[in-house]
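Peer 1: Listed here are the chains, written in short residue letters.
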Amino acid sequence: MARRMKTQEKKEFQKLVDSNNPKPNLLLNCFWAFSVGGLICIVGQFLHNTIESVFKLSHLESTNVTTLIMIFIGAFLTGIGVYDKIGKVAGAGSIVPITGFANSVVSPAMEFKREGFIFGVAAKMFSIAGPVLVYGITTSVIVGIVYYFIR
Amino acid sequence: MAVKKIGRQTIKFSSPPSILTTASIVGPKEGQGPLADYYDEVLEDDLFGEDSWEMAESKLLKEAVTIAISKGKLKIPDIDFMIGGDLLNQLISTTFAARDLELPLYGLYGACSTFTEAISIGAVLLDGGFADKVIATTSSHFSTAERQFRYPLELGNQRSLTSQWTVTGSGAALLTSSGNGPVVTYSTIGKVVDLGITDVNNMGAAMAPAAANTIATHLTDTGRGPEDYDLIITGDLGKYGRDIAVELMKKEGFRIVKNFTDCGIEIFDDKKQDTHAGGSGCGCSAVVFCGFLYRQLILKKIKKLLLVSTGALFSPTSFQQGESIPGIAHAIAVEMKGN
Amino acid sequence: MSYVYAFIIGGLICVIGQLLMDATKLNPPQVLVLFVTSGVILTALGIYEPLVKIGGAGATVPLPGFGYALAKGVFKGINENGLLGIFTGGVEATSGGITAAVVFGYTMAILFSPKTKS
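One line per chain: the protein sequences are A, B and C, in this order.
If you count the first sequence from 1, position 69 lands on 104 in my numbering, and the numbers rise without skipping.
If you count the second sequence from 1, position 195 lands on 966 in my numbering, and the numbers rise without skipping.
If you count the third sequence from 1, position 60 lands on 80 in my numbering, and the numbers rise without skipping.
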């Protein structure tokens, strides 16, 4: 009985909190996410086109080289303290591109430098990005097993 | 028999201890806030000449204690006990400072409610005749709290609108068994209240029920009304948490709107400083009290103050395991005698 | 023209991420995991390939593109090496990106220190 009253009270309180909470400006947030995310992809496209035509690499090779450079850019902008400022405005616009992946690798690595180069930098480096590799690679193996049997 | 306890949760001090002096040090951002003129020291660099932010926070606390003691024209060994805490794991800011100060220490953890908890225990020691001079202190630091509770500083994430900004700063209050300063008349010890909030970006909502509960209990226990206080101020509910607390107190039968605010709201100018819901952290109510509010008491612009520091009692482990966030709030009534 | 499509496709993928964060309170690490996983699955279902054809970098630069590379790598590995390819193909195709993240990440962490937000 007391327990049920508690649940009821919690439900009512959650309602009060929800009605009181500020609503994020979805339109504005999406506008920035779209613009910045799109812009980062344009940079990627520009690099890709340039590499393809200047170095005469194949399409796939150019994509790979583009990824490397984009990761470098993301890592560098994180290092000089610019990427978090972009992220504040762009939100997903700078989290979702591969530069955001680089940001999620570099930021904890830098943050934990004072804890040492092994237990700090190296151990914390993948504290945020690690799950991306774990789930990405594991899913690809599952997909691969299915493909192996049905191809 | 507990002669000094009244009602359910309140202590009434029979010879109310005096707050002789206070000291406050804040970081650069707090120093740009609306209460800037009231701090003893504003840092230009929040590393404070140390190698890590943790040690910088510890140094803040040590400095605040040292300044408060020297303002009282006392020396560190004159102090009987140091009572304090902070947000960091195992209270390293406080304990490392106490190591250097060589003071006997009561280390407390009440999250951001620690400041009033420390004053309360200090007042109990003084009123009980166990000490003559105690120092109550807390600290917090934006950069140490972020890395312990949230994300790395350079991660490009967006802060939620209900999120709060951990105050970089430390406040210390020197309490004596007799003196001419403002006195601590009552202390209401809060219960741990949890109404099931799980959103770590909405601490104000998680702590509001505890704040409302403690304030309502305090008023019931003492037989006072909200209008008996010139100001009732919570620690770090932020603007959304404050509104929720007002609603909850209305349900308890107390209409408290006019003379009610929050240290987290007052410490920053949200429009200019982009702090979203407001300030938070053990240092928040400590620096607002030791800076601005103490001055108002001395100038007798505020004569009766109810300070209610609020804490969210979660750890990174508890919220990762999906537990809700319990809140706690402790109240102290501080009064300035005379006209 | 490739730039316009890169902008639109890339921008839209980011908007989905933004909506997820604002509406469902997913945090950035969760969004990243969700996106890379969806990238792998959508590629396997043959849905992502057309996006890459149209959007170019607009589809390969966002994180689902990493999932796309993983899935494509696994298929290529299986076609060339059979069963072993399930385990070697994905990381082989993305080895450059992973190594770059490790090496650049380490280098930047050595060179720079974090600054307090203002």
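These aren't lab readings, by the way, just hints derived from the structure by calculation.
The beta carbon of each residue, even a glycine, is placed where N, CA and C say it ideally should be.
There could be a bad hint or two in this list.
What the hints assert, rightly or not - Straight-line Cα separation of at most 20 Å, DMTMM-like style, residue types lysine to aspartate or glutamate; simulated pairs:
#1 962/B <-> 53/A
#2 50/A <-> 970/B
#3 1010/B <-> 1041/B
#4 844/B <-> 811/B
#5 135/C <-> 815/B
#6 50/A <-> 1014/B
#7 135/C <-> 1045/B
#8 137/C <-> 1040/B
#9 135/C <-> 1014/B
#10 137/C <-> 1041/B
#11 1075/B <-> 992/B
#12 45/A <-> 1094/B
#13 58/A <-> 1014/B
#14 148/A <-> 1045/B
#15 45/A <-> 965/B
#16 50/A <-> 1023/B
#17 962/B <-> 917/B
#18 137/C <-> 112/C
#19 58/A <-> 970/B
#20 46/A <-> 965/B
#21 46/A <-> 1040/B
#22 96/C <-> 96/A
What the hints assert, rightly or not - Covered, in the sense of this in silico footprint (three residues per stretch, anywhere, with C-beta under 8 Å from a C-beta of chain B), are these stretches of chain A:
#23 43-49
#24 123-136
Peer 1: Hint check: residue 135/C vs residue 815/B, CA-CA at most 20 Å. Holds or violated?
Peer 2: holds, 14 Å
Peer 1: For the pair supplied as a hint, residue 46/A and residue 965/B, confirm whether the alpha-carbon distance does not exceed 20 Å.
Peer 2: Status holds; Cα separation ~12 Å.
Peer 1: Does the structure keep residue 46/A and residue 1040/B at a Cα separation of 20 Å or less?
Peer 2: Given that 20 Å is the threshold and the Cα spacing comes to 33 Å, the pair is violated.
Peer 1: Hint check: residue 1010/B vs residue 1041/B, CA-CA at most 20 Å. Holds or violated?
Peer 2: At roughly 10 Å apart (the allowed maximum being 20 Å), residue 1041/B and residue 1010/B satisfy the hint.
Peer 1: Would you mind confirming whether the straight-line C-alpha gap from residue 50/A to residue 1023/B stays at or under 20 Å?
Peer 2: Between residue 50/A and residue 1023/B the Cα gap is close to 18 Å, so the pair holds against 20 Å.
Peer 1: Check whether the Cα positions of residue 45/A and residue 1094/B lie no farther apart than 20 Å.
Peer 2: With Cα atoms ~14 Å apart, residue 45/A and residue 1094/B stay inside 20 Å; holds.
Peer 1: CA of residue 96/C to CA of residue 96/A, is that 20 Å or under?
Peer 2: holds, 15 Å
Peer 1: Against the 20 Å threshold, does the CA-CA distance of residue 45/A and residue 965/B hold or violate the hint?
Peer 2: OK: residue 45/A and residue 965/B at ~9 Å, within 20 Å.
Peer 1: Run the distance test for residue 962/B versus residue 917/B: straight-line Cα separation, threshold 20 Å.
Peer 2: violated, 27 Å
Peer 1: For residue 135/C and residue 1014/B, compute the direct alpha-carbon distance and say whether it is at most 20 Å.
Peer 2: This hinted pair is violated, its Cα atoms lying about 33 Å apart.
Peer 1: Please verify whether residue 135/C and residue 1045/B have alpha carbons no more than 20 Å apart.
Peer 2: It holds: about 17 Å lies between the C-alpha atoms, which stays within 20 Å.
Peer 1: Given the proposed pairing of residue 58/A with residue 970/B, does the C-alpha separation stay at or below 20 Å?
Peer 2: holds, 15 Å
Hint compliance for this structure: hints 1, 9, 14, 17, 18 and 21 are broken, all remaining hints hold.
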